[in-house]
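Chains as they are written, first to last, in the numbering used here: chain G, 1 to 247; chain P, 1001 to 1391.
By construction, these hints were calculated from the structure, which means they are not laboratory data.
All values derive from a computational prediction rather than experimental measurement.
One should not assume that every hint holds.
[As the list claims (entries may be wrong)] When the alpha-carbon atoms are kept at most 16 Å apart in a straight line, the in silico EDC-like pairs for lysine to aspartate or glutamate are as follows:
(1) P/Lys1234 with P/Glu1082
(2) P/Lys1002 with G/Glu125
(3) G/Lys105 with P/Glu1294
(4) G/Lys38 with G/Glu11
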Amino acid sequence: MSHNDNEVLIEIEKLVKTYRMGQETVQVLHDVDLTVNKGDFLAIVGPSGSGKSTMMNIIGCLDIPTSGSYKLDGVEVKGLSDNKLAAIRNDKIGFIFQGFQLLPKLTAIENVELPLVYRGLSNKERRKRAAEALRKVGLEERMFHKPSELSGGQQQRVAIARALAGEPPMLLADEPTGALDTRTGQEVLALMEQLHQQGHTIVLITHDMEVAARAERVVRMKDGVLTEDHAERRERREAFAGIQDGI
Amino acid sequence: MKLSQAFRMAFKSVLANKLRTALSMLGMLIGVATVIALVSMSEGSSRQVQAQVESLGAANMLQVTITGRGLTTSLSKDEAMEYGDIDNVEGVSPIVNGNAYAKYGTTSESYTVEGITPEYADVRNVSFVEGRYIVDMDLTNYNKVAVIGANVASDLFDTEDPVGKTLLLNGNRYKVVGLLETKGDSLNGSADDKILIPLTTAERLLSSKGVKSIYLKITDTDKSEATQALITAKLAAKFPNSTNAYRVIDQQESMETLGSITQTMTSMMAGIAAISLVVGGIGIMNIMLVSVTERTREIGIRKSLGAKRRDILTQFLIEAVAISGLGGAIGIAIGYVASHIIGVVMDTETAVSFAMVVEAFAFSAGVGVIFGIFPANKAARLRPVDALRHD
Ligand SMILES: Nc1ncnc2c1ncn2[C@@H]1O[C@H](COP(=O)(O)OP(=O)(O)OP(=O)(O)O)[C@@H](O)[C@H]1O
Ligand SMILES: [Mg+2]
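The shape of chain G in the complex, shown without the other chains (with noise of 0.2 Å):
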């Protein structure tokens, strides 16, 4: 493999989020603790409501945490300004959401640019790194549809190039397969795994166990408390090293 697996991608440590809602507070996260290595697969799985979305807003740098620590690629997360998580996000991770969240009106290849836009690239790069991403998820021929124009798997390929354009060090996936039906959920999910062998970080949310079980690592999310199943992580990481290694 092509990456070290004792290199730590993020650090979550005593993790507290809490939602004011008029005079009262909602906890939705207790004391969260998670590493994941750089090269890990994990899927955060967890029934509707357990604070699954919460979680995947703070490791993507969407949300700040209320306490606790959280270290991305060793970089404390906490307390940064605005523009320096929005510098984080360009930078170090995709994003591949349960809706897509693709721009109408523009076309796959434009929307796929997107995060080198803001990343301050010459037109011509953005072009090129965006034409070889959507090549990886298969879309050379869609290049320039709308979104409008693609199929709901289609969409989600699209997202997953946009996601992969700006060759982050982590993929973050919320319920990417939510919006498809079981085949195409199938596709995106063997891509996923195609993406994880060549070496990316991916986290994965999802409420659905067999979706869960194609990650090399699965943590359990109920009612704002993480657990993790370490005798399965062990079996799942053998199994894996088995596929990868041929036997």
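Starting from the known structure of chain G, fit chain P with the ligands onto it as the hints suggest.
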């Protein structure tokens, strides 16, 4: 993000919503068109006034009128000419004036008659188109010759060439030797409606002994007040103990009064126009605010992909400026055409100056910035989590 890219993005979005863009720029467009049309009208008329005043040579002219006291009610011609020795005075034109009936053929009418010296031409800046002027010889010989204004010529002689013809002034025969150039309306009554004859002859014709009015041309208008003081002193010596026996009138003052009237008119129109531009700006702000709400999700997506506050702010600001600037540009074109049409239909002079065009455009773009900042800032401040959840 690069600024060029921000421009491209903003223009794309402006063009993607053609109807909305057109509607939101309408206020701006009408505002600017109104500015151009109104200001061009007042500028045109103020140019007209200025041209008249300039043709009078009024800016560097002083007028002395003598009403007199007791026995001395006027100056002699020689006394009047002495005022030419005063520092800064370039020329002196003493005048004897009154009214007389002029008759040619069967037409007869009352006109202002001015008895003048040859200096009149230079001091009052009147040139003639035909014939000759009144010369010193005419004065010494008491020649009965006349130079007539353009309106007098057309009234009395119709299409005939007046030069060489003889007309009757209060029954006396005067030979027309020259015709003045048309000057248009002016402050002191136009020379167009005057008959000019030699000063000496006029004294007899009008049976008025002495000069009652002197026009003085000065070299340096900045020193006008000092010169006026010297003139007043000289008059005071002539008419002791009676300060209201004479009056020194500064032509510049009356010109300034007139100028300030047109100025007031211009600024009033500019004020009205500015209000309509502000209304246009509010229209743009309105649309931009709706647009921000409508595009909250887009903003969320862009932010999640790494757009900084500044990126979102510039994008929306450029959009606002593009809309208002485009509205301004089209408004200028329409205003330009409208001012021409107004000029033709109302038969007034209109003038669209380059400075006005630049100002109007800059103003409309500025309105875009001012009214765009609030919505753009609102967009830039959205939190990505909230923006992404929005639907
Ligand atoms: N902005 C907010 N204000 C108040 N409470 C919130 C807010 N966002 C989320 N919550 C609460 O936090 C809890 C967890 O929400 P979250 O969206 O993380 O759940 P989830 O695990 O993603 O659920 P699902 O599978 O349905 O997407 C819920 O009870 C929700 O009501
Ligand atoms: Mg969720």
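Here is how each hint holds up against the structure:
For the hint linking P/Lys1234 to P/Glu1082, the alpha-carbon distance of about 10 Å falls within 16 Å, and the restraint holds. A distance of roughly 14 Å separates the Cα atoms of P/Lys1002 and G/Glu125; the hinted pair therefore holds under the 16 Å criterion. A hinted pair counts as satisfied when its Cα atoms are at most 16 Å apart, and G/Lys105 with P/Glu1294 qualifies at roughly 14 Å. Taken as a hint, the G/Lys38 and G/Glu11 pair is honoured in the structure, with Cα atoms around 11 Å apart against an allowance of 16 Å.
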